[in-house]
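Protein chains: 2
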Amino acid sequence: MPKLSPLAPSEFPALSPIAGIVLGGDNCGIRYKNKKDLFLAELAPGSTVAGVFTRSKTASAPVEWCRKALRGGKVRAVVVNSGNSNAFTGSGGVASVKRTVDKAAKVVGCKPGEIFIASTGVIGEPLPDEKITEALAGLRAKLDAGAWRAGADAIMTTDTFAKGATATAKIGGTTVTINGIAKGSGMIAPDMATMLAFIFTDAKIPADALQAILVRANDRSFNAITVDGDTSTSDTVLVCATGQADHPKTSGPSDAKLRGFRAALETVMRDLALQIVRDGEGAEKLVTITVTGAASAKAARTIGFSIANSPLVKTAIAGQDANWGRIVMAVGKAGEKADRDKLAISIGGVRVAAKGVRVPDYDEAPIAEHMKGREIAIEVDVGVGQGQATVWTCDLTHGYIDINADYRT
Amino acid sequence: MPKLSPLAPSEFPALSPIAGIVLGGDNCGIRYKNKKDLFLAELAPGSTVAGVFTRSKTASAPVEWCRKALRGGKVRAVVVNSGNSNAFTGSGGVASVKRTVDKAAKVVGCKPGEIFIASTGVIGEPLPDEKITEALAGLRAKLDAGAWRAGADAIMTTDTFAKGATATAKIGGTTVTINGIAKGSGMIAPDMATMLAFIFTDAKIPADALQAILVRANDRSFNAITVDGDTSTSDTVLVCATGQADHPKTSGPSDAKLRGFRAALETVMRDLALQIVRDGEGAEKLVTITVTGAASAKAARTIGFSIANSPLVKTAIAGQDANWGRIVMAVGKAGEKADRDKLAISIGGVRVAAKGVRVPDYDEAPIAEHMKGREIAIEVDVGVGQGQATVWTCDLTHGYIDINADYRT
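Chains A and B, in that order, give the protein sequences.
Residue numbering for the first sequence follows this note's numbering, beginning at 857 and increasing consecutively.
Residue numbering for the second sequence follows this note's numbering, beginning at 857 and increasing consecutively.
Keep in mind the hints are simulated off the structure, nothing from the lab.
Be careful, since some hints might not be right.
Stretches of chain A that chain B covers, calculated by requiring three or more beta carbons in the stretch to come under 8 Å of a beta carbon on chain B [stated by the list, open to error]:
#1 944-954
#2 1081-1088
Pairs of lysine to aspartate or glutamate residues, derived as DMTMM-like cross-links and limited to a Cα-Cα distance of at most 20 Å, are as follows [unchecked claim]:
#3 A:Lys954 to B:Asp958
#4 B:Lys1211 to A:Glu920
#5 B:Lys924 to A:Asp1197
#6 B:Lys930 to B:Asp958
#7 A:Lys1228 to B:Asp1258
#8 A:Lys1105 to A:Asp1197
#9 B:Lys967 to B:Glu920
#10 A:Lys1193 to B:Glu920
#11 B:Lys1228 to A:Asp958
#12 B:Lys954 to A:Asp1197
#13 A:Lys1154 to A:Asp1195
#14 B:Lys924 to A:Asp1195
#15 B:Lys1198 to B:Glu1225
#16 A:Lys1211 to B:Glu920
#17 A:Lys924 to B:Asp1195
#18 A:Lys924 to B:Asp1217
#19 A:Lys1211 to A:Glu1231
#20 A:Lys1211 to A:Asp1197
#21 B:Lys1211 to B:Asp1195
#22 B:Lys1193 to A:Glu986
#23 A:Lys1198 to B:Glu920
#24 A:Lys987 to A:Asp958
#25 B:Lys967 to B:Glu990
#26 B:Lys1198 to A:Glu920
Chain A stretches covered by chain B per the calculated footprint, using a threshold of three residues with CB under 8 Å from any CB of chain B [unchecked claim]:
#27 1011-1018
#28 1191-1201
#29 1206-1218
Backbone N, C-alpha and C fix where the C-beta goes; we use that ideal spot for every residue, glycine too.
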């Protein structure tokens, strides 16, 4: 077992039951012996679903299945296995998906198109899907409304802690709950980091509105984090809404009645996203990068990621070095408009550079103190417009090399 | 002094004199005490020049000067200092450039617009240009035609070895020589990697034709390498042609008489570019990545760089792990068209995966042997077209973290 990330939250949060969902996790022996590796969530009839997936051009067979199933907008079960990602497995992998969803549909009593699946783990090895299909009926019999932690455990690979988050919101006076679990970005030898998140709510929101709300929240959460800039073939975020809450009908994703729900979903997703960064391989520091003054929000985000993915910036942070020269470099290489002679940089809230040069009375002492902490704040104003964005990353340490350069065993 | 890269060539090559150029290197005390830090090359009247520069949006003052001077197409001297990059130095930096070129023009006896300069080293600190201007006349008096090694030494920062390359070509029966020196990508605390290369020839080629030939060769050399994907504010490649060789006139960059010259220039530039990769921070292995079957050459190059810049791929190589799953991931995240079910990957010339799955008779032994070597070859066919490209990188090791995460002293 890898040692617990120093950035881990103190405990797994208390997640309340949500009307219309039961869930659970178990071991079915795909790869691990002493760890749950199969997750099942069953949702009441009428549940809607939204999803976003990896942009990888070599997406896994389960991702392709979910993309297709999403067109129906309905979900009755989510099946996730850890230990094998069923990626780069050719037509055999597609057949594995088919057998798994067919079996799950039979066990739950629904159409295959209402089953969503995800797989995470080694790639390029055939998925022993018979272990999943044989275990599904037994697992279903044990599902309950409170097994959030078991579910979070079952989707982990080399995560060093289980990830959960929760929030509530009012829709027209009625309280709804949003619970989420996630995994990432621990590596599983010999393969790749995968980010998975499954979010559940009792709100009653049509699939198309839910999708629009998810996409917006995703941009400010899972799409605003990076550990090493690499992208898995399996990244999946699903939101399932059971519709069991008794609140007034809503008119679309921008309905004012959904303001609280939109904010709460973003809160849950950002919480999970930051937990993933906190579990970045070898991470010692959580880094928040805020870019302002860019030509557009998109440009700000590109600049933010250029900084967040720069190995030179990330190693400087690991070395507790307030190396603003590398930040200038990363702004420059982003390719977005920036005014070198108006550039301003703050670290830990202290101005380091302004108007394109180091501030005249630069005092490194308070910044050096900030760099010793677990949470680092970098603010950059590029001086050309009103666009802004915040992205999160972690530092690049010897731990990252240890984890990822290990000889395969 | 950092220890010599294990990938360093056995010795600095023998570079012959080139008619119309004298050069030299000296210490003028900018930052280093025991290392040459000032380079001067003087070229005969009538010499032409071509150049390519960083794409950074925060380019340094010397880069901006060279871009402007390049419009004249004429060069009489190249002045380079190491120890201070004169980047992010605001209007003071621009004034430093002006004083330096004015003084160099006076010493050499030419127009300021015929002086090209470059600076590499710490950023954000005022360049003590008086040390350069005071030293120029003395250095000029000592220039000679054979001081290539001294020149290469003077432009180094934390490079672990001096970089030079040479080739000859025939133009219409007359032999011309091409010599080049380069520096990179060693870091200089507290700042950034900079790549500089200065190439000289006695060929007689008009500036516009020389520029076209340079751009083409650059795409297959300096623009085809990466150490960590980061880009300096100061990257500069200049080609200076003294025109002293007595060969027939040529009609443009595509003139058949220049075929040999074009190839020789590319050879020199690729040689220097690979020396830069061989001196990548912490590099233990030189990695050649060849992508075929892409939608276009540009797409192939994007995919190549996605693999070459992937921390997961680079750490796997450091770990001597033939982790083709991470290569699949990097192909997918490149965003270029790729057919997952036609993807083929070879490592060290041995096929690992074909038609989207691991080859049935996969034998890791010969590949594991290849991974232990100093030079790693990865070939990827993405199965959609005819585009191809080759890029070079190094592995990502603990040495990289050691060098770049060091506390500033």
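Hint by hint, here is what the structure shows:
1. Proximity of the segment 944-954 of chain A to chain B, defined as three or more residues with a beta carbon under 8 Å from a beta carbon of that chain, is established by the 5 residues found.
2. Counting residues of the segment 1081-1088 of chain A whose C-beta sits closer than 8 Å to any C-beta of chain B gives 5, which meets the bar of three, so the coverage hint holds.
3. Using a Cα cut-off of 20 Å, the hinted pair A:Lys954 and B:Asp958 is violated, with the two alpha carbons roughly 74 Å apart.
4. Straight-line distance between C-alpha atoms of B:Lys1211 and A:Glu920 comes to about 18 Å, which keeps the hinted pair within the 20 Å bound.
5. Distance restraint check for B:Lys924 and A:Asp1197: the Cα-Cα separation of roughly 18 Å lies within the 20 Å cut-off, and the hinted pair is therefore satisfied.
6. Distance restraint check for B:Lys930 and B:Asp958: the Cα-Cα separation of roughly 16 Å lies within the 20 Å cut-off, and the hinted pair is therefore satisfied.
7. The suggested pairing of A:Lys1228 with B:Asp1258 holds, with an alpha-carbon distance near 18 Å, which does not exceed 20 Å.
8. The suggested pairing of A:Lys1105 with A:Asp1197 is violated, with an alpha-carbon distance near 52 Å, which exceeds 20 Å.
9. For the proposed pair B:Lys967 and B:Glu920, the alpha carbon gap of about 17 Å is at most 20 Å, so the pair holds.
10. Our distance criterion of 20 Å between C-alpha atoms is met by A:Lys1193 and B:Glu920, whose separation comes to about 16 Å.
11. Between B:Lys1228 and A:Asp958, the direct Cα distance comes to roughly 45 Å. Violation of the 20 Å bound is thereby established for this hinted pair.
12. The suggested pairing of B:Lys954 with A:Asp1197 holds, with an alpha-carbon distance near 18 Å, which does not exceed 20 Å.
13. With a CA separation close to 17 Å, the supplied pair A:Lys1154 and A:Asp1195 stays within the 20 Å bound.
14. Restraint check: the Cα-Cα separation between B:Lys924 and A:Asp1195 comes to about 19 Å, which is no more than 20 Å; the hinted pair holds.
15. Between B:Lys1198 and B:Glu1225 the alpha-carbon distance is near 26 Å, which puts this suggested pair outside the 20 Å criterion.
16. This hinted pair checks out: A:Lys1211 and B:Glu920 have alpha carbons roughly 18 Å apart, not beyond 20 Å.
17. Simply put, A:Lys924 and B:Asp1195 have alpha-carbon atoms about 19 Å apart, close enough for the 20 Å limit, and the pair holds.
18. For the proposed pair A:Lys924 and B:Asp1217, the alpha carbon gap of about 33 Å is over 20 Å, so the pair is violated.
19. For the proposed pair A:Lys1211 and A:Glu1231, the alpha carbon gap of about 26 Å is over 20 Å, so the pair is violated.
20. For the suggested pair A:Lys1211 and A:Asp1197, the alpha carbons sit about 5 Å apart, so the restraint of at most 20 Å is met.
21. Simply put, B:Lys1211 and B:Asp1195 have alpha-carbon atoms about 9 Å apart, close enough for the 20 Å limit, and the pair holds.
22. Of the pairs offered as hints, the one joining B:Lys1193 and A:Glu986 is violated, with about 33 Å between alpha carbons and a cut-off of 20 Å exceeded.
23. About 17 Å separates the Cα atoms of A:Lys1198 and B:Glu920, which keeps this hinted pair within 20 Å; it holds.
24. Proposed proximity of A:Lys987 and A:Asp958 is supported: the alpha carbons are some 14 Å apart, at most 20 Å.
25. Only pairs whose Cα atoms come within 20 Å are accepted, and B:Lys967 paired with B:Glu990 is accepted, the gap being roughly 19 Å.
26. The straight-line distance between the Cα atoms of B:Lys1198 and A:Glu920 is roughly 17 Å, inside the 20 Å bound, and the hint therefore holds.
27. For a cut-off of 8 Å, the count of residues in the segment 1011-1018 of chain A with a CB near a CB of chain B stands at 0, and the three-residue condition is violated.
28. A stretch counts as covered by a chain when three or more of its residues have a beta carbon under 8 Å from one of that chain; for the segment 1191-1201 of chain A and chain B the count is 7, and the coverage holds.
29. A stretch counts as covered by a chain when three or more of its residues have a beta carbon under 8 Å from one of that chain; for the segment 1206-1218 of chain A and chain B the count is 5, and the coverage holds.
The structure is inconsistent with the numbered hints 3, 8, 11, 15, 18, 19, 22, 27, although it conforms to all the rest.
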